[in-house]
Amino acid sequence: MKAPPFAYARPTTLDGALELLSTHADSKVLAGGQSLLPVMNLRLGAPSLLVDISRIPMLDRIVVDDDGAVTIGALVTHTAVEGSADIARHAPLVAEAAPYIGHRAIRNRGTCVGSIAHADPAAEMPAVCLATDAIMISTSTHGDRVIPASAFFTGFLDTALRDDELLAAVRFPASPPGATGSVVEVSRRHGDYALAGLVCRLVVERGTITDAALAYFGVGPTAERVPEAEALLVGSDGRGPALDRAVEAVEATLDPPSDVHGTTAYRRHLAGVLCRRGVADAIARSTEEVA
Amino acid sequence: MTSPETHHTGTFDTATQGSGLGAFTGTSVKRVEDHRLLVGDGRYVADVVPPGCLHAAFVRSPFPHARLTGIDTSEATRLPGVVSVITGSDIEELTNPFLPFLALPGLYTPLYHSLSSERVRFVGDPVALVVASSRAVAEDAAELVDVTYEVLDGIGTIDRALDPESEPIWPRAKNNLLYDRTTDHGDVEGVFADADHVFTETFRCPRQSNQPMETRGILVEVDSVTGAVSVRAATQAPHMLRWQIAAYARKESGPQSIRSFLTNPERRGAFLAAAKAFVGDKGEALQSSDSTAMQHQLKTEPRTALQMVRTGAQLLGRDDYPHVDADDIGGGFGAKGSVAREEIAVAAAALAIGRSIQWIEDRMENLMDGGQAREEELTLSIACDADGTVRGLDVDLVLDQGAYPGNPVGAPITVRIMEVMQPGAYRFEAFRQRSRIVATNKGKYVAYRGPWANETWARERMINVVARRLGLSQTEIRRKNMYGDEDWPAAMLTGPALDVTCSVRKTLERAEELADLDRLDALRADAVSRGKRLGIGFASYHEAAPGPPDYFEHVNPGTSALLDQPATASVSVDGTIQIWTSQMPHGQSHETTYAQLAADQLGVAIEDIELVYGDTSRAPFDLLGTGGSRGGPVGGGAVRKVGRHLRSVVVAKAADMLEASVDDVTIERGNIHVAGVPARGLTYAEVAARVVADGETVDGRDGTYAFSVDDTYTSAGDGGWSVATHVCWVEVDVETGIVEIPRYLVVEDCGPIINPAIVDGQVRGGVAQGIGAVLYERAAYDEQANPQASTYMDYLIPTATEIPRIEVDHMETLSPGENDHRGVGEGGMIGAPAAITNAIEDAIGVTVNDQHLPPYRILELMGIIRPD
Ligand SMILES: Cc1cc2nc3c(=O)[nH]c(=O)nc-3n(C[C@H](O)[C@H](O)[C@H](O)COP(=O)(O)OP(=O)(O)OC[C@H]3O[C@@H](n4cnc5c(N)ncnc54)[C@H](O)[C@@H]3O)c2cc1C
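Sequence order for the protein chains is F and X. First residue of the first sequence: 1, per this note's numbering; consecutive thereafter. First residue of the second sequence: 1001, per this note's numbering; consecutive thereafter.
Simulated from the structure, these hints should not be mistaken for laboratory data. Wrong hints could be hidden among the right ones.
As the list claims (entries may be wrong) - From the structure, some residues in chain F lie toward chain X, with a derived Cβ separation under 10 Å:
id: 1; residue: ALA3
id: 2; residue: ALA88
id: 3; residue: ARG171
id: 4; residue: HIS190
id: 5; residue: VAL273
id: 6; residue: ARG276
Glycine residues also receive a C-beta, built at the ideal position from the N, C-alpha and C atoms.
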């Protein structure tokens, strides 16, 4: 379990990093290394150059705009996300998801943006991005791009990022009034990737759901939303028959993979259970806040 | 949920000054090993890298079953840093094949080499060994070795292996059924015809893997001047490894070996003397051993005889056996009691190249080839009367040994122990067992902590099935049918004697008292109110730790002779004290418990005792090392015996010096004095100095000592059974299938305890592995035998957050024996799977036939989701 040979560079400027990425076809960004290095050690990937971004200034910042939008830089670790009062206040679903990620040692090194760039189908952050309509800010020698989450996760471990692009930050827009949400997941052991998970975000106005996002992870090749179920929730109180129909829509829409940890039927069933639990949690919170 | 406090025998006594006989034994003195290991001063095989050492990596088969049609190493050999690439055909030139060990009548055991050359039999089968300047380079080169395969049908399940048309993994065996034998005890037909009911169920246990923190590893050092070979390894049995390297890692011509034996009168004389002594000692045991096993083997594999003679002659003809040293070991659970093919290949490479080589297994290799266990299918029929009296037991066992046999301990001995132990502590009138061993294209089956545990699992499951069908409670049916004190002396239907140490029923009764059964209904209702189902499961067993004196004669006649335990005790010329054991500690705390036993004999402090082990030039000879719950009873018995012996010779000398009678001399806190006159005492150093002055020193194991005594301990007459009842409470989430364990109770009886804290640790560790077996760990393969769990993403080991508090209650039944500590290392693992699955069945109300119950399987059983 040793990585194949590779070259390593640790530029101290963003431009330096972008230059390396644009001139070396087979290069990869190295952030926390918590996903990339295992892949290399198992010889499932063999990039010829690693561009370590850990010494680039300014990438470790968490910035809150006047309107409450939160921007998380490429070097912000999961642990930093967990500890940030700004994120807890302005992007509570990001804060809520972070503790589910692996174990403390992994969160100390692994980055929030790295997790998004890696796009593991069972990872939490891509689903948070989908549920909250986050925006990816990428950069390269050709300039910056902003990519909405809905267009970013293109397939299994695949994103809209080009090989020469660095994902500089992710921006979570400000929550509208009445927003509530929850993160629920089932994993086999504490800290494992989820068998199935759901990031649920609702907007509730006077007891009625006016907007709904159900972003699942661990149930397909990428994190995915279930618009059929979301539509059934909008206009309802999120309980009783409306919730039952949403659960049915979730089960009818998703086609999860089967592996040693869970069959397709099991994950589909879990997705339904999580819909019930996630929506109930989110609604319970919104009424708590009102009360 | 509240629960009774853990009950400890003995006190937490951290005092380290011995006040005389019996001061330490029975107390929870702190582990001597802890400081060294916790501050990082442990020395594991990977920590030792001599200058110029080369590193090894294996080229392994990516296919479960294939013919190897070509292998091209040229590109790999050209890679800078690569020293050598050794293939399977090279290894046939360099080494001897592995030989059968513990053959059973009718069993086919293949002859095979450490690397495969013509056929690969599982994913991970090593076909070449790359030796290079670093492990990374070796892995790079391994990728460049070009192997061509012709893929064959992979046999991934017991059903496929039993199909007589399945592609034979070992062509000489004709098919994949390697062993099939049925034994009757009592009038099986009669009892089954006469009983009111016969109930039958099939129980399946999928493959698990022994997962020590430290993987396997070996360093073979070759002295560049003398060519002498010394080995460091993570092994539970250093002497076994030494002999096997001597036997297999180099091939010598038969005539050459015989000539060198015959021309060396010293060696010849020593051999004949040893042989005479061995036969003299064990004549009876040897006579009872059965030769039909070997006859069958020779019929199916005639080359066996030739290879045995050749290898035997080689062992006789050599006096340059390698020196093996094992230091700290990060666990083994039985897997490191095997000598690995990789170890022989690395040793052969080092000998051929003449340079030191280290191989440290990585986790992926370990999960594929480090040792797997417990894949068994058992169909049990119980004949019983309407009142719940169990009368007859009929068992059909199939064990999946994987591709290669465990070496030396594996499926055959496990099958025998399973059969002997299968009836448990129940008064059956008749018992039949059919035992089969099949080969599949999977990693090899090895001994794993309580290797026979599935006899307990299947029996204790079936007892619950019978109870449910008859409307009896789990405890009622057990109490009614178990042997108890009124029955002694008794014997199991399979032979071994039962005595007062088989106190299973007492542990059951104690467990019932502690289990607050009157609160069960309230607990169930509370669980339902939270969307859960609560269940409770009992399981009871007795295990041979070490078993009655006749035990091994019933398992495999003739093997008792292997089980004796030598030990040495010495006092150096400077007065320090050593205990020399053939046990090989790898997590069992021998340094602490043996120091407790010895310090009590010798009247000194724990830290005055140095335990010597692991180094074959110093540790007494014993092929088995540590395993089989023998450390406490047999290894400990040897320490006590040799300690008492040493005390007597020291006291004799001191009595001379004190001009007193030996009967009046006592030892307290290292002060050897006439009882009542401590002021005029002597230290060990003073006595040793006088021995030196008087010219009375003796030759000890590796030098000159003031005193040195050797003893051999045979378990005959001592020991007996170690027993327990486990009770598990589970809560099943009916929506997710997730199982939680709100309470777990073990009532165990291993006789008088040496160190309660260590016993608790052994029990809890075993239970944790049992929890792993049922809820998390599965060495999964698909139908074609492709492994599905070759990293820790898929092979899930429970962590601290998954293991509940485990209450341990001790009972300490005395036996008539002298050294009465009974083994406790394996029991936790033996009882746990049965208690947990019984609890799950109780919770969900559906018969549970699988041992492994991940959340999806629970929902399938409950009918909530459909099986894929
Ligand atoms: C045992 C274990 C358990 C884990 N459990 C979970 C879990 O439960 N949930 C979960 O979500 N994750 C889990 N992880 C993964 C963890 O969250 C990683 O930290 C994360 O997926 C990747 O972040 P990183 O900074 O380590 O990225 P790296 O490993 O450095 O990189 C990962 C990939 O993303 C690319 N990349 C990283 N940063 C950028 C960037 N700024 N621009 C462009 N490309 C980039 C890299 O090139 C690489 O391809 C686990 C990891 C381990 C080892």
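Here is what the structure says about each hint:
Restraint check, F:ALA3 versus chain X: the minimum CB separation of about 7 Å is within 10 Å; hint holds. Interface restraint check: F:ALA88 against chain X, minimum CB-CB distance 24 Å, threshold 10 Å, status violated. Interface hint status for F:ARG171: violated, as the beta-carbon distance to the closest one in chain X is roughly 31 Å, over 10 Å. Below 10 Å, beta-carbon pairs count as interface contacts, and F:HIS190 has one with chain X at about 4 Å; its hint therefore holds.
Taking 10 Å as the C-beta cut-off, the interface hint given for F:VAL273 holds, the closest approach to chain X being about 5 Å. A cut of 10 Å between beta carbons decides the hint on F:ARG276: the least distance to chain X is about 8 Å, and the hint holds.
Checked against the numbered hints listed earlier, the structure breaks hints 2, 3; every other hint is satisfied.
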